[in-house]
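Engineer: What follows is each chain in one-letter form.
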Amino acid sequence: MATPERPASQRQPAPGQPPPGRKPPPPPPEEGKKKRRRGEPDIAGTDLNMTPMIDCVFQLLIFFMCATKFKTLEGKLLAYLPKDKGLKNVKIEEQKLPIRVTLMWNAHTRQAKVYVGQQYMGIADKGGLKAAESRVREIKTTGTEKAEIDAEPKMPFKYVVETLNALIRTRVKEISFAAAPPS
Amino acid sequence: MKPRKIDEGDLKMEMTPMIDCVFQLLIFFMICTEIAQSELEMLTLPHASESIPDEKPDKKRMVLNVTKDGKIKFRGKSKSKQQLHDLLALEARIAPKEKDNPALSSKAILIRSDSEAEYKHVQLIMQECATVGIWKLELAAASQKKAKGAD
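Residue numbers (our numbering), protein chains in the order written: chain E, 26 to 208; chain S, 5 to 155.
Next comes chain E alone, as it looks inside the complex (with noise of 0.2 Å):
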């Protein structure tokens, strides 16, 4: 007697085979792969695009490297003002008149004339400064240990401070600023 024949789903697979109608399973991992589980992402297959990162860096580079400008070390010359005000402290009999350097400014020639007392030194720039450095340290050798910048308003500044470095240099006591004339 013949056996009905089963139809293909219930047939028994041949081994190795998937059973019909199942999708094959997925190749066995090679040696010293680990088995990837569902949802976990590819790490193998992920490629991190640098090239943007790394154009943007090299902007960033390029930005700091051209903006900036190293800090130099300054240098500094002290001045300080009179503490007192009025004549409350002032003993009059003990006080001598300072050094009087002026400054005058030729707004047509720019040139920065140099006085000592009354007497004309020459022009700043050329040689006015030096010959006042000489004339205040013979006025110190007398005992008057301070001196005076009167410069005018229009003076530019780099005189001021060429005259004070030059006062410096003479070792004075005091140096002061005369007050501005009033407005």
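FYI, nobody ran anything at the bench for these hints, they're computed from the structure. Don't take each hint at face value.
Label-pair ranges, simulated between beta-carbon atoms [said to hold, decoys possible]: (1) S:E102 - E:R162: 52 to 62 Å; (2) E:N131 - S:T48: 36 to 46 Å; (3) S:I23 - E:K179: 55 to 65 Å; (4) S:K72 - E:P206: 15 to 25 Å; (5) E:K151 - S:Q28: 48 to 58 Å; (6) E:T76 - S:S53: 52 to 62 Å; (7) E:T76 - S:I35: 21 to 31 Å; (8) S:G74 - E:C81: 15 to 25 Å; (9) S:P61 - E:T167: 32 to 42 Å; (10) S:P100 - E:F83: 22 to 32 Å; (11) S:G74 - E:R194: 28 to 38 Å; (12) S:P61 - E:T71: 49 to 59 Å.
A few chain E positions that, by computed beta-carbon distances, are all more than 10 Å from chain S [as the list claims (entries may be wrong)]: (13) T71; (14) P77; (15) G100; (16) L103; (17) Y140; (18) Q144; (19) Y145; (20) K155; (21) K183; (22) E187; (23) N190; (24) I193; (25) R194; (26) K198; (27) E199.
Note that the Cβ used here is the ideal one computed from N, Cα and C, for glycine as well.
Assemble the complex: chain E is given as a structure, and chain S must be docked to it using the hints.
Structural biologist: Leaving out everything else, chain S in the frame of chain E:
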């Protein structure tokens, strides 16, 4: 001899050390750039051979800049005479006082003036300082370069 053929498919440029270097440079320049340097204007300072280096300045020291065209600037902003007075008065009020005279501030302020600026602007600052009780001033100057071969 026949040159060995290189399989171009296997050639890969190693980017990591380059990116490391670039980041190092980037961080270096970012740190070196003082964005807060707006306190210091771009000025041509007068030269003074007797100037002392401004090392380790007080970070809270007030810096006033006088530009070539006569503007008095504080932190990048121009100040009028009244604003300058108010600013200096505030500075004098919050600053520590002199032991022998509590009306005077013991803190110094730095005046950075362009070498071509007119002296009257610096004089104005000095006047205002004297009014509010600031008596210590520092005048910024560039120290002259040493001549070649000089000790």
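Engineer: Compare the structure with each hint and give your call.
Structural biologist: Results for each hint:
1. A beta carbon spacing of about 33 Å between E102 (chain S) and R162 (chain E) contradicts the range 52 to 62 Å that was offered as a hint.
2. The given range of 36 to 46 Å is broken by N131 (chain E) and T48 (chain S), whose C-beta atoms sit roughly 22 Å from each other.
3. Look at I23 (chain S) against K179 (chain E): about 58 Å separates their beta carbons, and that is inside 55 to 65 Å.
4. Checked against the hint of 15 to 25 Å, the C-beta distance between K72 (chain S) and P206 (chain E) comes to roughly 23 Å, which is consistent with it.
5. Distance hint check for K151 (chain E) and Q28 (chain S): the Cβ-Cβ separation is about 53 Å, which falls inside the suggested range of 48 to 58 Å.
6. Against the hinted window of 52 to 62 Å, the Cβ-Cβ separation of T76 (chain E) and S53 (chain S) comes to about 55 Å, which satisfies the hint.
7. Remark: the range hint 21 to 31 Å for T76 (chain E) to I35 (chain S) is upheld by a beta-carbon distance near 27 Å.
8. The hint said 15 to 25 Å for the Cβ distance between G74 (chain S) and C81 (chain E), and at roughly 43 Å that hint is violated.
9. Separated by about 38 Å at the C-beta atoms, P61 (chain S) and T167 (chain E) satisfy the suggested range of 32 to 42 Å.
10. In this structure, P100 (chain S) and F83 (chain E) break the distance hint of 22 to 32 Å, their C-beta atoms being roughly 49 Å apart.
11. A hinted range of 28 to 38 Å holds for the C-beta pair G74 (chain S) and R194 (chain E), which are about 29 Å apart.
12. For the hinted restraint 49 to 59 Å between P61 (chain S) and T71 (chain E), the CB-CB distance of approximately 52 Å keeps it satisfied.
13. Remark: the non-interface label on T71 (chain E) is consistent with the geometry, its nearest Cβ contact in chain S lying 16 Å away (cut-off 10 Å).
14. No Cβ of chain S approaches the Cβ of P77 (chain E) within 10 Å, the least distance being about 13 Å, so the stated non-interface status holds.
15. Interface exclusion of G100 (chain E) from chain S breaks down, the closest Cβ pair being 3 Å apart, not more than 10 Å.
16. Remark: the non-interface label on L103 (chain E) conflicts with the geometry, its nearest Cβ contact in chain S lying 6 Å away (cut-off 10 Å).
17. The claim that Y140 (chain E) is not at the interface with chain S holds, since no C-beta of that chain comes within 10 Å of its own (minimum 16 Å).
18. The beta carbon of Q144 (chain E) sits about 22 Å from the closest Cβ of chain S, which is more than 10 Å, so the claim that it is off the interface holds.
19. No beta-carbon of chain S comes within 10 Å of the beta-carbon of Y145 (chain E); the shortest separation is about 20 Å.
20. No beta-carbon of chain S comes within 10 Å of the beta-carbon of K155 (chain E); the shortest separation is about 13 Å.
21. Not every beta carbon of chain S lies more than 10 Å from that of K183 (chain E), the smallest distance being close to 4 Å; the non-interface claim is violated.
22. Interface exclusion of E187 (chain E) from chain S breaks down, the closest Cβ pair being 7 Å apart, not more than 10 Å.
23. Annotated as non-interface, N190 (chain E) brings its C-beta within 10 Å of a C-beta of chain S; the closest such distance is 4 Å.
24. Not every CB of chain S is more than 10 Å from the CB of I193 (chain E) (nearest about 4 Å), against its label as outside the interface.
25. A Cβ of chain S approaches the Cβ of R194 (chain E) within 10 Å, the least distance being about 6 Å, so the stated non-interface status is violated.
26. At the 10 Å boundary, the C-beta of K198 (chain E) stays outside the reach of chain S, the nearest C-beta of that chain being 15 Å off.
27. The non-interface label for E199 (chain E) is consistent with chain S: the shortest C-beta to C-beta separation is roughly 13 Å, beyond 10 Å.
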